[in-house]
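Chain by chain, the residues:
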Amino acid sequence: MSALRQRAAVAAVVVLGVLLVAPAAAQVDVQASLNRETVEVGETVELTVVVTGAVLGIDAPRIPQIDSLPVTSTASSTNIEFVGGDMQRTTVFSYELRAGREGTYTIPPLSVPVGDDTYTTPALSLRVHSATGTSPPPPSQPQFDIDDEPTDQPTEPVREIDAVTEVDDRTPWVGEQVTLTLKFLQAHTLRLMGNVEYEPPSTEGLVAEPLPDEAQRTQVIDGVRYEVATRKTSLIAPAPGEYTIGPATITFRRSFMQGSETLETEPITLNVRPLPRAGRPADFSGAVGSIQLETSLSATEVQVGEAVPLRLEMTGTGDLRQIEPPEVSVEGDARVYQSGEDREIGPQPTADGYQIGGRVAFDYLIMPRSPGELRIKPIVMHYFEPEVERYQSARTSAATVSVLPGEAGETTAPSAGEELRYISESGLAVRSSAPVTSHAWFWALQALPLLGLGWALRERSERLRRERDPRYRRRVEAARKARRALGAVDPASEAADVYHRVDEVIAEYIAARTGGAAAAISPETAYERLIEEGADPERAGHARDLLRRVRAGAYAPGASEAPDPAEAIAQARALVDALEGELR
Amino acid sequence: MIRRILLTCALLGACVACGAYAQSGQDSPDLLAGANALYREGQFELAAERYLEALMTGLDGPRVHYNLANALHRSGEAGAAIAHYQAALTMAPRNEDIRANLSRALAERPAGRPAPPASWLHAVGARIVATFTLSEFAAAAAICWWGALAAYVARLIGAGRRRTVTRVAIVLGVLTLASASFAAARWWAWHEIDRAVVSAESVQLRTGPGESFEAALSVQEGWMLRVLRQDLGWAQVMGEGGATGWVPESSLVMVRPDVAETDS
Numbered sequence: 001m002s003a004l005r006q007r008a009a010v011a012a013v014v015v016l017g018v019l020l021v022a023p024a025a026a027q028v029d030v031q032a033s034l035n036r037e038t039v040e041v042g043e044t045v046e047l048t049v050v051v052t053g054a055v056l057g058i059d060a061p062r063i064p065q066i067d068s069l070p071v072t073s074t075a076s077s078t079n080i081e082f083v084g085g086d087m088q089r090t091t092v093f094s095y096e097l098r099a100g101r102e103g104t105y106t107i108p109p110l111s112v113p114v115g116d117d118t119y120t121t122p123a124l125s126l127r128v129h130s131a132t133g134t135s136p137p138p139p140s141q142p143q144f145d146i147d148d149e150p151t152d153q154p155t156e157p158v159r160e161i162d163a164v165t166e167v168d169d170r171t172p173w174v175g176e177q178v179t180l181t182l183k184f185l186q187a188h189t190l191r192l193m194g195n196v197e198y199e200p201p202s203t204e205g206l207v208a209e210p211l212p213d214e215a216q217r218t219q220v221i222d223g224v225r226y227e228v229a230t231r232k233t234s235l236i237a238p239a240p241g242e243y244t245i246g247p248a249t250i251t252f253r254r255s256f257m258q259g260s261e262t263l264e265t266e267p268i269t270l271n272v273r274p275l276p277r278a279g280r281p282a283d284f285s286g287a288v289g290s291i292q293l294e295t296s297l298s299a300t301e302v303q304v305g306e307a308v309p310l311r312l313e314m315t316g317t318g319d320l321r322q323i324e325p326p327e328v329s330v331e332g333d334a335r336v337y338q339s340g341e342d343r344e345i346g347p348q349p350t351a352d353g354y355q356i357g358g359r360v361a362f363d364y365l366i367m368p369r370s371p372g373e374l375r376i377k378p379i380v381m382h383y384f385e386p387e388v389e390r391y392q393s394a395r396t397s398a399a400t401v402s403v404l405p406g407e408a409g410e411t412t413a414p415s416a417g418e419e420l421r422y423i424s425e426s427g428l429a430v431r432s433s434a435p436v437t438s439h440a441w442f443w444a445l446q447a448l449p450l451l452g453l454g455w456a457l458r459e460r461s462e463r464l465r466r467e468r469d470p471r472y473r474r475r476v477e478a479a480r481k482a483r484r485a486l487g488a489v490d491p492a493s494e495a496a497d498v499y500h501r502v503d504e505v506i507a508e509y510i511a512a513r514t515g516g517a518a519a520a521i522s523p524e525t526a527y528e529r530l531i532e533e534g535a536d537p538e539r540a541g542h543a544r545d546l547l548r549r550v551r552a553g554a555y556a557p558g559a560s561e562a563p564d565p566a567e568a569i570a571q572a573r574a575l576v577d578a579l580e581g582e583l584r
Numbered sequence: 001m002i003r004r005i006l007l008t009c010a011l012l013g014a015c016v017a018c019g020a021y022a023q024s025g026q027d028s029p030d031l032l033a034g035a036n037a038l039y040r041e042g043q044f045e046l047a048a049e050r051y052l053e054a055l056m057t058g059l060d061g062p063r064v065h066y067n068l069a070n071a072l073h074r075s076g077e078a079g080a081a082i083a084h085y086q087a088a089l090t091m092a093p094r095n096e097d098i099r100a101n102l103s104r105a106l107a108e109r110p111a112g113r114p115a116p117p118a119s120w121l122h123a124v125g126a127r128i129v130a131t132f133t134l135s136e137f138a139a140a141a142a143i144c145w146w147g148a149l150a151a152y153v154a155r156l157i158g159a160g161r162r163r164t165v166t167r168v169a170i171v172l173g174v175l176t177l178a179s180a181s182f183a184a185a186r187w188w189a190w191h192e193i194d195r196a197v198v199s200a201e202s203v204q205l206r207t208g209p210g211e212s213f214e215a216a217l218s219v220q221e222g223w224m225l226r227v228l229r230q231d232l233g234w235a236q237v238m239g240e241g242g243a244t245g246w247v248p249e250s251s252l253v254m255v256r257p258d259v260a261e262t263d264s
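Protein chains in written order, with the working numbering: chain R, 1 to 584; chain W, 1 to 264.
Chain W extracted, bound-state conformation (with noise of 0.2 Å):
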């Protein structure tokens, strides 16, 4: 009886995932193929531009914002390199080309290197919401959360052996919080919190939002902000630091405007 309800919802958990899964399966259009065919002649601006129109006509996974964040860092934009390689980031987490490409832009910006975490506790924290995408984290939360009421209903019903049922009922229960917990994380810290990239070379943090404001400090390209407000062409950031000030929009390039994922 057990088992039958365990593989069950073992089953309908799988569903789930695959659910997560389903890709648009379609092939690349011309646009991408053309822009792919400048990037190898070495027209890297203008291939970024046939990305960008891609990006415009509905194509946003993580392959058109990877190719586009290759072509504006062979064409010394940065900052919005960055922006695309961690939008890219954000939808395939564990493409080890996108990884390699968005450290060796963010080893090249002024900021230099990344503040260390609080703990270690932190770092893996953090690591482990980096890793896998809000969809897998859900469905696994789905997965274990079947299959942790599917064992406590064989207790109460008394199949199985109590102790037995008991225990995966626990495992399973915990196990549900930790992954519902990594994707609470992991949806506020990437799909919740808008985050920007300066893409100027040089931008004052101001007091308010307009020129005449005080500059309190200057924000680098390349520098990873969170945007907490916009108003007016000007948008309130927050860097790594916890300062906050007001730069042009148009010193900005939008991390992830939207909640879009894929897998990889």
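In isolation and in its complexed conformation, chain R is listed as follows (with noise of 0.2 Å):
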């Protein structure tokens, strides 16, 4: 043997002996439970005992045999911790015991043989009572027994795959949640053809929700090892009377040469039982389970017309989905609303599995309208606890709110105390018009200055070409001079100077109209200008005419051609008036 294998061997003895040593060493604890207390006849109740703190050589309690209580079904876990360095072992022995007779029994201590010493459990009490309207177990319920060990009980052979539903309670109250219970079982020998289908039981008008699934476990009945499933569902009765749960069925095939084949439970059914009249409450909720209250107040001081929250938090068992907002009520100036609502329903784990519950939460707001002291009331709620069947209440504490007067000149704040003002009986209007801008003709009169400033825009432009144009402003300014300057012309004055006069106007205007100095315009020349600018031939010869005749006045005095002087002038401001419209 080389050394190494030498050092090997003796770490294998250090730990086999480490392991023989460590059960002695450890602190065991050995407990037992029923999980109901009482069960009608024909109903099972589960023995759990739990070993905990031993590591090896744990073997399984013995069981007495009790008259009318058979174990039906055995099954075992363990579990396996390390904790801090040290392994922590808990294994778990459960029996179901089916209750065959009305009575009390009572479970002996048990012995639980761990390493070389025994532990006992302490006794147990199950009260048996007789079933109400219920039927008896199916028969082709399978019998479970512990491992290999023989029952007093007739077992009926158990198939190699089979499925059992079972409830808690066969006659719950109403909206009591009863536990449906559906176990699935597969012999290790048996080899299936693909899925096992499996459809679920019918549970019509019952309020049903899916519980958590149980982890999977090896169970042996009758000596052969089974893989069992377990489902559970919560069952809630709406209202009183009978109700089926029906038979859940799974279909499954062999093998490729032999057909599908169905197996079904048997149906369940339940009698609901209605809430007891004898002391309910007449505010009564209609709540079923196991209730508390808790409010929280969000501010404990404000000021008039601030908003104060509270919330009323409901935690507890039993379907809170159908709760109604209980009233607050306050003491003092103020007004409560119900401003909002949160639920987390759902299943719960407690002791002996889940329940239906969760919290509720309400949120109100309270509006003081006056300072002062508000008193927030206790809020009580009534519901029926089927644990003890007897009507019970949740209340929450009273609270106190200071209110402290609003910010000076306030307005969104009034206090109580003032009055509200009183109607209107003249002053307002009694009908409505529409407003000013939706009439077309408020939005023409807004276009007019536009007008105005259009035309300020062209003068404006006239005013500087007429300063940097002499000649256009001569020619544009032409004929209002002209027309000046014969309008001060006297014809009762001297005849020679009023053609004289006369003769200047008209040659300055035919100079500014045409380009020129007024003492180069001759009769001659005037007519050739005028008919150059487009003016009419007779117009011209009309104003060479003129021109002729007013110079012979002026130059020739008593010529006999020379016109009327005041005859002259109107020929001339009736000349500048017919050039004016055709000159260019």
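There may be inaccurate statements among the hints.
Unchecked claim - Distance windows between CB atoms, simulated:
#	chain 1	residue 1	chain 2	residue 2	range
1	R	LEU453	W	GLU53	25 to 33 Å
2	W	GLY208	R	ASP29	52 to 60 Å
3	W	GLY210	R	VAL92	47 to 55 Å
4	W	SER212	R	TYR198	30 to 38 Å
5	R	ARG421	W	MET254	21 to 29 Å
6	R	ARG458	W	GLU53	58 to 66 Å
Keep in mind the hints are simulated off the structure, nothing from the lab.
Think of the CB as a built atom: it goes at the ideal place given N, C-alpha and C, for glycine as much as any other residue.
Build the complex from these two chains, which are given one at a time in their own frames, with help from the hints.
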């Protein structure tokens, strides 16, 4: 043997020694319990023995045979944890006992051999009462046995694959939860083709909610190891009466050569009892279960007009989905509004499995209307507790809120003493009218200033042009100046002066309109220039003749062709007006 | 010259303002008098019914809305009362009685105090917009517009002292822009946007137009909502905090379905 092998052998001996010594050294604890204290005839109860602290050498406890309380199935499981470097092992032995007859049973102390020692559990008590309208357990249900040990119950052969349904209470109250348990069993020796199809039972009329799955476990029945899967469902009846839980079916195939087979569980009938009238409070809310109430205030000191949020939290078991928000009463000048709610309902873990329950929060807003103190009265809620079969009440404690006056000048928080102002019987208009902007005339009126603006721009442009272009200014102002000059001539004055002045005005006008100096204007040149600028030949000839005649009158006094002075002025004015319309 | 132009424009602007102030001037019909009598007798619910009838017959001025709101408030219909106070205030924004009673009704609603404005500038602007009617803003803008253009025309044609005329034109132009901006804000906030007040004690704001949609938030009586859409008896609304959702139209009272207004 080499040195390496020698060292390995020594190590193995040491480890084995530690393992053998460990059970004796560890703190071993053995507990036994029943999941129910009261059952009906035909129902089952689960006896659980839990061994903690032992590492090796645990034997299954021996269950004494009790008349009318046979063991129908057994199971065991082991869980190993390492806590702080130490190994902690927990072994659970479960026994299903079926109540066969009415009476009170005592399960004597159980002996559990652990290593060289034997531990005993305390005695347990179970009360079995007669079934009310229930059917006896179905004969097709498989009878389980503890491992290979025989029982005094007549057992039926267990199928290689099977399903069982059962409820924990066949006579629940309205609103009370009933747990429906479905067990699927498949022997280790059975080989199936494909998947097993499962159809859940019908629960018509009942509020059903699946509960968390339990871990699949191995169970020995009649010496055969089975894989057992358990599905649990919460059922709540909304009204009293008889409800039937239909059969669950499983379909499977053993081989290609065989057709599919179907198994059905037995239907179960529930007789749902109405809630008792005796002791029912007048303001009973209809809640069934176990409920606790708690309130929380966000502020205990506010100003008038500020809202005080209040939250009422309801926790417990039962179908809290149907619960209506309770009324909140306040002593003092305030209004209360329900502003919201939040419900978290679902399966809640309990010592016996899962119960439907959770948390419901109702939010309120309290609006103080005047300074002072508000007292929020205790909120009371009555419910029926099935466990104790009587009505209970949950209540909150009273709370106080100090209300301070609002800020100075705060108009949104008038005090309660301030009266609502009276209705209007005059002053305010009785009929409405459309706003002025909806009328077309309003917008048309706003366009008028734009016309003025356009005119002003044009005027400004003209003024600038006249300032920059003297010839243009002379031309456009020629008619106005001529008319003004002619208006200034006095026809009663000396005739020669009148002719002279009219000659100057006409010559200046024609020179301004045609360009050039007035001194260069003779009757002939006037005619030619006017023709060139687009004047009518007859009008140009008229201008030529008028110039000749006024010049004759001015420079040859007594000439017969000179017109009357007043007529000369009139003809000159008419000529200017006519030419103004013809010249370019 | 400049004085004549400015005087002419002022007169024209005054005519526009007078047109905006034109009132119906009709006496209160018997229906309104009967409703007032019921109110005096303390029969507020009956009075509210009469005021509503008066509204239906076209008597839709601020007096009817205000009196109706008072009757509703006395009957415990706080949400509907707020809606009609708001409608009355739209038409007569400086009436102290309406303001006082609206403030009282708003203070009693569960929402508590309204959210403070974002800044003092916003607060001042909101206060100004809420103090005058659209017609008043429009008339002021029209007068300033005429005056500003008149001063500019005078400057163009060289009338009056150039510097003085320029200053007058600038000042009036700025006032025109300010008045027009306030008029636009008033039009947008009080006439273009459909507003409603929750009249039910509590109503769920849902994600769609139907009871089958998820309830996201609950709104209380008296809350002011902006109506974005109406569809098959449901209204899509937006709250003061910006949250949107759908509520049944039956749980709302529209503040002002039309754009009518009048002065006080």
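Cross-check of the supplied hints:
Between LEU453 (chain R) and GLU53 (chain W) the Cβ separation comes to about 52 Å, which falls outside the hinted range of 25 to 33 Å. In this structure, GLY208 (chain W) and ASP29 (chain R) meet the distance hint of 52 to 60 Å, their C-beta atoms being roughly 58 Å apart. The beta-carbon spacing between GLY210 (chain W) and VAL92 (chain R), approximately 52 Å, falls within the hinted interval of 47 to 55 Å. Remark: the range hint 30 to 38 Å for SER212 (chain W) to TYR198 (chain R) is upheld by a beta-carbon distance near 32 Å.
Distance hint for ARG421 (chain R) and MET254 (chain W): a CB-CB separation of about 24 Å, consistent with the stated range 21 to 29 Å. The beta-carbon spacing between ARG458 (chain R) and GLU53 (chain W), approximately 60 Å, falls within the hinted interval of 58 to 66 Å.
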